[in-house]
Amino acid sequence: MSFSRRDLLKAGLTATALMAAPRPLLARFGRRWEPAPPIQDPRVKDLALRALEAARAAGAAYADVRLTHTRSRSFLTRVADVRDGEQVVVGARALVDGYWGFASSPVWDVEEMGRLGREAVHQAKVHALGPARAVELAPVPAVRDGHWVMPVAIDPLEVSPLEIADYLEGLRLFVSRFPDFIPLAPSYSCQVQEKAFASSEGSYCTQRVYRSEGDVKLQLKQNGQPVYDGALDTLTPAGVGWELFKGQPIREQVRRLMEDMKDEWKLPEKPVAVGRYDTVCDAWTVARLLDQTLGRATELDRALGYEANAGGTSYLTEPLAMVGSYQAGAPTLTVTANRAEPGGAATVAWDDEGVKPDEFALVRDGILVDFQTTRESAGWLKAHYAKTGAPLRSHGCAAAPSALEAPLTHTPNLTLAPGRGTRDVDELIAGMGTGLAVKGGALEMDFQGQSGLGRGRVFEVKRGKQVARVVGAGFLFRANELWKRLAALGGPAGRRRYGLGSSKGEPAQHTYHSVTAPPAAFEQLTVIDVLRKA
Amino acid sequence: MSDARILSAEDCEALLARAHAFARGGGDTTIGVSSWWQGELRWARNRVALASDRRNIGVTVTRTVRGGHPGYVSTNQIDDVSLEAAVRAAERLSRLEARMGRGLGYFPPQPAYERPESTIWSDATPGLTTERSGEVARALIAPAEAKGLLSAGYLEVRVAAQALLGTDFPELRAGKHAFWHHPYVRWTQAYCSTTVRDPSGMASGWAGASSYDWARIDPAALAQRAVEKCLASRNPVALEPGRYTVILEPQAVADILEVLVGSFTSREFPEAGIDGPWRLGPDEALQLWRTKLGLRVVDERVTISHDLAHPDLGILTEPHEYPGPVTWIDQGVLTALAHQLPTAIQRLKGHHSLRGASGYRMSGGTSSVEEMIRTTKRGLLVTRFSNIRLLDGVSLLSTGLTRDGLWLVENGQITKAVKNFRFTESPLFVLNAIEQLGEPVRVFRPMRGEGEPLSPAIVPPVKARDFSFTSTIDAI
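Each protein sequence line maps, in turn, to chains A and B.
For the first sequence, this note's numbering assigns the number 953 to the last residue and increments by one with no breaks.
For the second sequence, this note's numbering assigns the number 505 to the last residue and increments by one with no breaks.
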């Protein structure tokens, strides 16, 4: 590599101001194209209202329109390999006789707004000619000119990319000074999305939402060869800015990771002995278990078959009958969701239907009590809400990557309530005595969030200590049994939050959400040799 | 943009010229432009859930100022101000890092490339209007609803276009169509798939098709097939995991071959000693790594090839790729692996890159699925696989699930519907345990990513022994 830190810093002195300047993008409010203004500019609202008017005039019973302006910057394989991206799009959605139509395009312009509003209605009307379909949108208070900026400490696009590149290069050099470790190029990427939402029910709101994620990976080496991989687990996607790295004790975390990697590597290797074991999972693994089982299964549209031809359905096969009574796990299991959670990867002030998200329980004391909903799908639970006295409302789970895609139910930020005590993962392992510990788990699921195969770093535990690395081990589970076998949950201090991605719909939409979970102990998981055939 | 769904050749050429004119201070500039439109239809529970009309544009600017690293910026706005701003931003990023010098010897003068001919456009695909797709939706849903079943599915018709113009190595330019110039090309794609479920959730059937040409997709036949599969899947029984003789319908064959055809990229890896299915081992005498090229790797009845000109495949070509047919596995022998342009120039006495098998055909035999069933004492009939994950990059051992139709065959007859299994198996093992092969047919292949063109497959049904099912799953 032919550049040095000094080159970077030298260049930074002259280029910083220039680099950070945002590029203009154009919109046409009158006759001329002009730079796209900040999202809260009243002329953006005028554009949105044009689309609504057109949809209403064409016969929409309900319509909404979203405009998004998305900027992204990523520092890829090499620290100074910076990529910028920018996209301006608009999408209009219309409801006619219970049928939805949607139209989107990259042009912010008055005539285009009219075209999109009319096209969305046209799309809906064609299908409204067929058999009847009923849609009842859950009521939502109209938002009057709401504006929100996700509170972040450092706007990543206001920072010179040279500073970020220099920081990441510094981190690489820091790792390279340890003779036992190979640094892999650290990476950082961020997205800033400004979005406006308007509905025919009188809502109008704008917001700016941030997302950052990073990666710091290293390899332990012996005789010059990499033998054991490790990565920081604190940099998964989150609703934060450059403070994801800056001001964090990253080097301290790297040092601790190095110690852990050495300790784990020192343990003797052992082949897997197939059988059933009490198992402690670290917070990382528990977060993924929650996400891939109950997190997927409680999307109400999925449970009712709206994803049947894509990712599949749900093991909660009779959602309307199960809600309020189904035993989803042990009495210690409580799962809540909240898209208003500060710093979450799915956090917004209003969802893509203008709904202010609330905190709600999906599972309380082991019983399934609710589902992830949008305005349409909340209506499907009307009878349940009436019975329990809960208000009929959407939980604000409507989302899409940008205005180019129509909103769907996407997983909100999830939280698995911690146990009463103060135990962390080591104390859970100590408390278990004999069994296995799984760390850094990854899952292969079926198409109902039910049967799964877990892998990860697996350790044999004896007398409360990790005594060997078990090679090639995996564990099989069924979601409904897994959560009933929950033997112990770590305390609040052992909880961690991770940002996870998920994919839904056809064509697939990728979105992000946070999952907060403590470490946990499970009774008698089935452990197999992953690479062994039948 | 409001009338034309995608940018025309003239639009793209004018845009590329405008954008190139903004580059200042020398260096190299490569600009790509793409645009797409698609009509989509999603339905579930026997009703259309969403009908949409979407379009977008993408412009990618790669600027390398003298002595700089390539700077990369993307935007979806094509007015002068946005294009100039994108070029300026790419120049600023380019100055971030100095790059290593590069010798001209890397790319000696190149011939005038022409994009190889292939059939990738059908007027029938954009011709599926919103009105017509309403009728199609009803034709897809009605057979399921008539039987008291629930239909869900997705239909998409898409048109897209792209062009790219670069200024790298003007001193090596031999013709207009050199490798840094991808002339305007446009293509169409159509997908249709449907899942029919029993309202009890205890049975599911699937059918799907994809092609560049909507006229080649028969929605009524798909609906019928998915309904039949669903009805025949009722009341499944759980079988013990273990090794079974399997009759894989063509879709299941394509699903399990995915990791194998993906592994034909690229010969640079095994030759550099990187672990993978095609690395044989070190040659101590010659001090190099040997590959498995020229060795028999699967049953000699298996030939896997692709032909850009094949009218059923519809492959979007690249100007500098090898224009002729390629045989990856010839009667069981590994005969080709993909390679990049520099490898061709430096070592292979060629001037074409060889992409992997983006679309492919696998040879077949004369047995029909019915005949395979008739000649099976005990085995399983598999509709398709889902959620496949590679476990081992050397043996290609994978795990995944059966989905939407699995039946027990006993003494030459289908006797029971069977609950789904998780399998742990390698496509290399399957292709070495073949008992019978049928007639190859075109199957559904999902889109790989937004804008990535359709890559079809033509594969036969296969009967193979000792397929490894490792656990039962409850999902239906």
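If you are wondering where the hints come from, they were derived from the structure by calculation, not from laboratory data.
A few of these clues could be false.
Claimed, not checked - Here are the simulated EDC-like pairs of lysine to aspartate or glutamate, each with C-alpha atoms no more than 16 Å apart in a straight line:
1. A:Lys464 to A:Asp574
2. A:Lys952 to B:Asp227
3. B:Lys448 to B:Asp503
4. A:Lys665 to A:Asp574
5. A:Lys858 to A:Asp648
6. B:Lys176 to B:Asp108
7. A:Lys952 to B:Asp503
8. A:Lys665 to B:Asp421
9. A:Lys884 to A:Asp574
Since the model is a prediction, treat every value here as computed from it, not as a measurement.
Which of the numbered hints above does this structure break?
Checked against the structure, the hints that fail are numbers 1, 2, 6, 7, 8 and 9, while the rest are satisfied.
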